[in-house]
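Colleague: As they're listed, the protein sequences go chains F and A. Position one of the first sequence corresponds to residue 1 (the working numbering), numbered consecutively onward. Position one of the second sequence corresponds to residue 1 (the working numbering), numbered consecutively onward.
Don't read these hints as lab results, they were simulated from the structure. Certain hints may be false.
Unchecked claim - Which stretches of chain A does chain F cover? Using the computed rule of at least three CB atoms under 8 angstroms from a CB of chain F, they are:
(1) 108-117
(2) 136-148
(3) 164-178
(4) 185-198
Heads up, the beta-carbon is just placed ideally off N, CA and C, and yes, glycines get one too.
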Amino acid sequence: MDRSALRDAPWVVAAGIIVMFAAPLILNFYTLTLLVIYGMLALSLGLIWGFGGILCFGQAAFYGLGAYAYAISAANIGESTVPMLLAIAIPFVFAFLLGAMMFYGRLTDVYMGVITLVVTLIFFRFMNTTAGPEYQIGQARLGGYNGIPGYQTLNVPGDASAYIWDESLYYTCFVILLVVYVLVRLLLASPFGRIAVAIRENENRVELMGYDARLRKSVLFAIGGGIAGLAGALYASWAEIVTPGLFSLGQSAEIIIWCIVGGLGTLVGPVLGAAVLGYLKFALGQQTAVDNVLVMGLILVVVVLVLPRGVVPSLISAFRHSSRRREPGGRRRRGPRGVRADG
Amino acid sequence: MSAAGVGTRLRPRSGRAGEPIFEVRENWGDRRVSTPIAGFTLGGYQINGYNFFIIIVSILLLVASYLVLRGTRLGLVARGTMQSADMAAALGYSPDRVYMTTFFVGSALAGLAGGVLAPLVGLVPTWGTLYIAKAFITVISGGASIVLGLLSSATVFGLVSQTFTFLSGPVIGEVALLVAAIVLLRLLPQGITGRFFKGRL
């Protein structure tokens, strides 16, 4: 366990708790909950891309899979504890199988991107065709383009009538996000996480040292899938309907944009990127003067040109630069590295 | 390009090569434009003249790009830069400028594709997104050889997609294409031309 890697974690969690109580002063709970869910989704890609070097164009596949797994099982079971666990387990297993197929096949960067993209598209196309009555799992009809409405939303474990919604759903999601953040931090500080970063830096060298990079990448990919599935389940509980749009190309692209803008190689970056861009999309959607997509595209172009490493890593290095100058004897620390531009 | 009808305007969109250009129709009142070339009958079948035109244009473009890449100095420099940018720079060619030129050409080709296809489809500003994923998948699955790779992957995917569309409907056809891409990449991790036609253009 590398304790120095955990040095920042308590401060981040403390800041997170402050934000958790401060944010409702500005925005309503309904919007905030969605932003937190987006943050968790971005965190999942931030983990596997920023630390594992695995560019996944199809994180939306696990997100949607988690949402659908939750909706289908909640409609059948009528209590949310088991569906919640299933919504993590199913994307986890699916991501592990998909990852194993790719990594044991020695697929690299861009080929991997195509496979993950294609899997998302298959889900999207398939779910859109499931409108007929023959597509029924237990009591849940898949519903095709219209999706699945009317299932049990999140409740207090064991008590199906005690719904968690609005204000309490927001706090629940935020606490879950913080817990996931701490768990991911612990994972990255563990030997497994450190080897994952080593694989990102130089896979050949790690393999020559005797580690099985294929298995480790598959497991890391599966963990990312599980987190995305959890985000999907929370989304399903928030939106109270799941539609094939969750699997869409736009959704996948959005996750990647959050990570790029927020900054790869950090965990806070993607979360902030998701929250800020998610809010911006929400705010821009309320006016008609400028097209929403246009502004998003412009922001991405400007960030990539001006801050190629993303906002948070640039801020961190700027901050460290200035604090070093103030106290010459201060600790020298290397800023987090982003992945290579071609990786 | 005037084939698309009066009152249209081409707006190039910066992006990767292979991304189609959107055609924005300004005159929303006049939206019904028939395809510009009349069809003809061959035996008992009616053949759409414009579809035939698209086939001919694609073949011509493919042959032309093969000839340019193979026969001209421009093509030689472009291929050399793709293989080894440092070496090309050492020999006095600026890789940045070469990339810029190939990007121009790629974007122009994408624009032509959009223009040629426009009369067949209902145009909306987001129309191009339909093709991003397919273009991406086809190019990557082709592998390192530019022309042969594209030709082989496009043939495979087109056959698979159309066969399954014919057998059981367009959605299954689309899914079959995507599954074919996964199977193909799993078996040939470097694309089709990573194993077959190796080293050819």
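Colleague: Which of the listed hints are not met by the structure?
Modeller: 1
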